[in-house]
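Student: Residue numbers (the working numbering), protein chains in the order written: chain A, 1041 to 1689; chain U, 2 to 317; chain G, 14 to 540; chain S, 178 to 501.
What the hints contain is simulated information worked out from the structure, not anything from laboratory work.
Don't take each hint at face value.
EDC-like mimics (lysine to aspartate or glutamate), calculated; alpha carbons at most 20 Å apart, straight line [unchecked claim]:
id, chain 1, residue 1, chain 2, residue 2
1, G, Lys-216, G, Glu-183
2, U, Lys-207, A, Asp-1471
3, G, Lys-216, S, Asp-485
4, S, Lys-398, A, Asp-1100
5, G, Lys-368, U, Glu-146
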Amino acid sequence: MAVDNVSMQIDRGEVLGVVGESGAGKSMTGAAIIGLLEAPGRIAEGEILFEGQRIDTLSDDELRVIRGRQIGAIFQDPLTSLNPLHTVGRQIIDTIVTHLKLSQRQARARALELLQEVGIPAAKERIDHYPHQFSGGMRQRVVIALALCADPKLIIADEPTTALDVSIQAQIIALLRKLCDEHGTAIMLITHDMGVIAETADRVAVMYAGRVGEIGPVADIIHKPKLPYTVGLMGSIPSITTEVDELAQIDGAMPRLNAVPPGCRFHPRCAHAFERCHIDLPELIKAGSSEVACWLYDEKKPGKGPSVSRKETARKKKASAKAAEALPLVKVDGLKQYFDVSPPWLTRVLERSGRQIVKAVDDLEFTINRGETFGLVGESGCGKSTVARAIVGLYTPTAGTITYMPGENGGATAKERVAEFDDKIQMIFQDPHASLNPRWKVADVISESIPEDRVSADRVAELLRQVGLADADGEKYPHEFSGGQRQRISIARALGGEPEFLICDEPTSALDVSVQAQILNLMVDLQRRLGLTYLFISHDLAVVHHISTRVGVMYLGRLVEWAETERLFANPQHPYTRLLLQSVPDLSKIGMRRAPMAGEVPNPLDPPSGCAFHPRCPFVQDRCLSERPMSIEVDGTHVACHAVEEGRV
Amino acid sequence: MSEVQIPDTSPARPGLLRQIWQSDLAHSFRQSKVTVVAGIISFGFVFIALFAPWIAPSNPYDMTGISVLNAFLPPVWMEGGDSRFLLGTDSVGRDILSTIMYGSRISLGVGVAAVFFAATLGISLGLISGYIGGRTDAAIMRVAEIQLSFPDILIALLIDGIIRSILGPGTHGNIAFIVVISAISLAYWVQFARTVRSTTMVEKGKEYVQAARVAGKSPGYIMFKHLLPNVMGPVLVIATINLALAIVTEATLSFLGVGLPPTQPSLGTLIRVGNDFLFSGEWWITIFPGITLAIMGLSVNLLGDWLRDALNPKLR
Amino acid sequence: MHTRTKLLGVLALAAGLSVAAPLQAKTFKFAFQGDVASMDPYALAENFSSSFHHNIHEPLVRYDSKLQIQPALAVSWSIVNPTTWRFKLREGVKFHNGNAFTADDVVFSFKRGKSEGADMGSFVNGIVEAKKVDDLTVDIVTTAPNPILLNTIAPFYMMDKEWAEKNGAEKPVNLAKKVENFATLNANGTGPFKLVSREPGVKTVLSVNNDWWDKANQKFNVTEVVMTPIGSDATRTAALLSGELDLIFPAPVQDVERINSSGVAKALQGPELRTIFLGMDQSRDELLYSSVKGKNPLKDVRVRQAFYQAIDEGAIIKKVMRGAATPAALLLAPGLGGFNAALNKRLPYDPAKAKELLAAAGYPDGFEIQMDCPNDRYVNDEQICQVVVAMLAQVGVKVNLLAQTKSKFFDKLKVHDVSFYLLGWIPDDQDAGSVIAHLMVPQADGGLPWNGGDYGNAKVTELSKMITSEIDQAKRQGMIDEAFSMVQKDVGYIPLHQQALSWAVKNGVTVAQRADNALHYWYINIE
Amino acid sequence: MVAFILSRVLQAFIVMLGVAMIAFSLFNYVGDPISNLVGIQTSAEKREQLRESLGLNDPAPVQFARFISRTVQFEFGISYQQKRSVSSIIAERMPATLELSFVSALLALFIGIPMGVYTALNRNSWLSHAMLSLSLVGVSLPTFLIGIMLIFVFAVQLHALPSFGRGQVVDLGFWTTGFLTASGLKALIMPSITLALFQMTLIMRLVRSEMLEVLRTDYIKFARARGLTRRTVNFGYALMNTLVPVITITGLQLGSIIAFAIITETVFQWPGMGLMFIQAIAEVDIPVMSTYLMLIACFFVIINLIVDLLYYFVDPRLRVDRGW
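Isolated chain A (complex conformation) (with noise of 0.2 Å):
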């Protein structure tokens, strides 16, 4: 049983945020709505009623009547959910034929004009065009069209911002919210990402092991959630506005829907069970303005819920005021690191093209102090990765030197490190599921690291009870975890070597955001018990900000960017950081109504000249098309913008 008497209810107009984790039920709930469940899925039990219609007794053709004509749905992935082989316009026609008695040409203008609604330039030579030609943004947005095609009275849109970067997805969410107050359409919006929600979503449903725990106004879920769970997520939701020391924690993982406990689902892993929680499965009551199913708001029990852990008090930045008088530890000099992506040379020559070198990094500068957590942001292809595999010494740079220790001994280069620093440095990757070798058990993977002379099943004991496992779990295999724990392994592999220096690229964003605070809160723990060095690539601003001693902010290879955390949150000086701060989204912006800025992120291989970022820059002149901005300092910030060295800002 995946999802267990779930009861909502969406108004016309509304927006209600469905979130979870991934594996709560989220998705599926929203696939049997429109009759869509994936064998061996079916619905067992209850009704759907649309328009006080029943629906889900409805069979397959009667419903496919409903589906695209009442109840639109919008995907993930924009990528995957066009049909290649076909012009979008034909993809749009096809289903405005279906459901509108209208001939192919007046499809076609209504087409047309929906492309335009949902913002497609050129839209009229684009309804010709096939899936590929478009980007990841325009393709979600030929995916709204799709949705939109027969104007339906609701749309299920299922993770509709999660595949695309931070400044796309504010356009997407801007323009969802359009839709819906310009058409009256009621949007059930399916995320886990709780900042999403909060700009998007006017109520909140939030789901836990197939049910629905706790439903309610997005400002009381956000600001005075009820539910333990919910309480739980919301203080592990790191944020770009608030700072804390250690973000609320709930320990282990949402257990799989196959193997549910009994009463409540959450009561393992709640600090305020009781004895009916372990017996009796709760439903949903009303408590003020919300629902929640939760014991502890049962009329019988009166009493207080439990509060908001939160503790809003501002950090005292220890390990940032020690890095000022720190040495540095590493030191990246002039790193460019290019990559041939041409074809074979009989295609180039037939084709008259030229060489294509992807510039991944070009011209990179900076220095991470021994102690400190480096933080790198930037959209994806920023070459953000490419820098953490450089310094690791997984790619020979073009040209420049990254320096290990510069003050110490004279330091060592990239090129000439040598095997007494390979255990110095160490990595942690993004993917748990792919960082673990499938077929070695744990403790294999993690004495792969240790030096030979050292490993000792002693050492892999210890390691893993640093990273919080138990010495029994080196005899498993990895499929045999979850992901945390799986990333909790992947931590205690980097550790084997007795490293100064851990690069973690994105090593939380394949988490869901509970298990996420959990790894953030060890790394941090790791920091000050061991004294390690951080240098930590991501692309969420808000996981950076909460880790960060400093932070730089990467733009198609080079830093644009880079300042203390607080500096550079509080007052961005380039216009892409602000433009980044502007749209991520944050649990602190319930309801915010803005503009985004438009414009896409370029193809590396033919990047802009002069600045980067000047065809997507409010401040561009004519110097920032031919000149590329060298790095100055302001305020402690640096910086490399003309407009900022010119003062424009």
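Start from chain A and add chains U, G and S according to the hints.
Tutor: Relative to chain A, chains U, G and S alone:
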């Protein structure tokens, strides 16, 4: 669903038969009755292959025990049948049941050996090609591509022909096995190499391999310790399916008269020799080996099919 | 509509092409187990090819259906001196292309038959040349007196000089230029049938020659002959039984019963003149293919006799040949010139004796040897070999069998690259003398490659020479008997049997089955 | 477009060169070409003369160049066994094989694809299960066994169909065809079924698995979520997308039909190139073997080229630049 499926290729804990029995693989095996039957039959063939000298009623290679006067005896249930020869005798007086048992032994043996060599060659080249990449990869893959322009059976025939003409006809009788095995394995390595290569390229990009590189491990170590275990899943599937193909290919070569000689007949040779008597009423000489070959091919194929589905989480 | 008309047009064209034969056309379709090597009559001296070519080309003298010599392109002959025969040629004979047959053609043919690439050695080696006397008279000069010259030249067919020269077919092969000989695919003879089309390995079509000179023999009603090679016994039988063929050649002995009981066809079986026998390498000091090193066990007569007596010929005939064979003790079939029934007594089958002999020769535990065998030449050839292997195993000799297609087998045999082999022989001149000359004279003494084991005995060699030129038949018979007895005493060969002729014809088709297995279409009638 | 085709043609050319190299080495280094040409009695002197006149003493690259130049002029040498030029042998045999392969390919495609689509769309119907089980039998049974069985039943027992050969053929001068006569068409039935069966089952299984894969994709789900009719989804979207990857493999499969014909031709004594090749192998007739090899490679390369072009037209991702 965004949840990542974990392939059920989990290796069983060492030494624990019980765990193997309870593993997902064994579970899906038990789920399919057809597969269970195929498994039992395949096991039966392996048993026969291993123990033919002890369980066969007579030794068809031992010419001293054969009398031409016993030739063309029908199966025991027909008129003129002899109780010593359950399924009758062939044109020189050999017991059909025994020739089938020994023939299965040869067919299966040649098949297993050919697949083993093909797999060894293919895996090595595939790993090198996938991991090293560049010119080495291009060279190996170009050869593979050229070979892929020809169907397996043609390659096998050609290699068979070449080896035979290089060695001269005189020696062929004795080393027919080597000729056939090398012909088949050289015809089938490409599939292994290509699969291993593509799997290697996927696995190579995975972070555990990068972690090993960060830990300063050598390419040989990474290929052998990290990649090899992870490409074995697809290799196992191909090996099983190719075993069926190899058995059929050997039978075809023998049927075409360029495989194993009639003095040491495989099932294909038996069918070829018996084919001359199919219309003259002595159908048992060719039909029984034919049925045996069909059952052997079918059961191995069924196993391969099941294995492919079981190891491919997408198909479930 | 338009396309349809067009299609009909094509169909009509097709009909026109395929049914070009005259009214009342009687097409005779038959399958042989192999194909004729070439349309060039001199390309290969092999029994089936020879009988096939006879339908298109003709010799100076030929055999009638009782295997008696009768005039063909020559009307009469006389002996000018012991080494010169004079032939008077038939007048008014025309080749298929209309050219007249003259003495020039005879002279040309003998010259061509002796040239490089021709396989007519056994027929023309003893002939010095053919000399033109006048347009219709030719002298044939032999190296030595030849009592059986007529038999020798009976399978030697006449070609058209003008046609050959015009088309560049003066020689059977022209290797250096790498071009094919025109005569490989084309033919122009004087015989009762003309070559219509030739697709090697697929189909050969002949049509009747209405201008044949031999009006007396023009009693057949076949107007077209289609020959298809079908290698597989089973397929051949199946094709006959399904009515696709009028005759199969040979009919697999195992299928004879089935064919006879089918009601649509019947088997024709009769004694054939070919003897099947085993040969052994008796000249090398060490066998090429044997476990015995440093000596040649087969040089020991006891070993050869052991082999002989270890083989149960009765069982072979009963089981492998299904009764369709006659046991043989000579390499000469009854009915051929020089056959003496008194000598045709096989050594008895006696494995115990064989073991004794082997032990006496120093091989109590036997030894290992390879046997070469064709697998598509004689009736059940490969099976006979397999049975021989089994029988020799009973006396301790382990035989490894290498059975392969006839061309590869003959390639090996002719260079004596064999230790122990199976072969069949039928003298082209129907006479014992050529058997002795071909098979019993070692190469060192001018013997022919067919003596694959290089059997030799000085006395036999001497006799052979005398037999070739002895004109007195009684004396000659004495020599032949003596030679055969010596070979028997030496166990130079192990004769097995004469296989039966085995054809099968569809009901309603009558053919003449000659003992030399020649299929001549001018004896065929179809109801 | 031109660049795409040119680069494909160039690649094909390289493959052909590789195959030619193999054929050349076969020709020159497997066995002595001279002793295969002349009789045993030919003197050593004469052999040396012949060797010189054939250019066999030249350096290997020169010989290879000559080999290539002869090959492109369709001169493949003289068959050792038949003593005829290989090109004329091939020319005679080619129509038979191509006609058989063509009919088999049509059968395999027009039965295999619908069966694959049916079994993918109706995963659990008994008919699908029956087809799947049958297909497995089809894959497992050796071709020759199927052929023998067919002959046994339809030719020997029922006398319904001819057991061998092409029947009556019509000679069009450059081509002999069995399509124009009743007996020719009858003769085609059993061999073409035998030959098609294996490919048919392969294509069916391939189409099925590809289509199942496509049916699981997001754009199919999305199309269904938009309420498109089942027909549009299954045939307008799913089938089209299935065929893109299927084209490649099917192309290769159809190419291999020509080579698989070896077995069928042997069983049915079909007078095509396959039968010729088997005879050549048994007789170690190297010129015929190497020519056949190059010919098959050539067919494959051409089929590959056609497949690539088809791909190009079917899949807009190859045809239309990303632009924008």
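Student: For a C-alpha distance cap of 20 Å, please report whether G/Lys-216 and S/Asp-485 respect it.
Tutor: 39 Å, violated
Student: Does U/Lys-207 pair with A/Asp-1471 here, judged by a C-alpha cut-off of 20 Å?
Tutor: 9 Å, holds
Student: Is the hinted pair G/Lys-368 and U/Glu-146 satisfied, with a Cα-Cα distance of at most 20 Å?
Tutor: 59 Å, violated
Student: Is the straight-line distance between the alpha-carbon of S/Lys-398 and that of A/Asp-1100 20 Å or less?
Tutor: 14 Å, holds
Student: Verify the proposed pairing of G/Lys-216 with G/Glu-183, using a straight-line Cα cut of 20 Å.
Tutor: 26 Å, violated
Checked against the numbered hints given earlier, the structure breaks hints 1, 3, 5 and satisfies all the rest.
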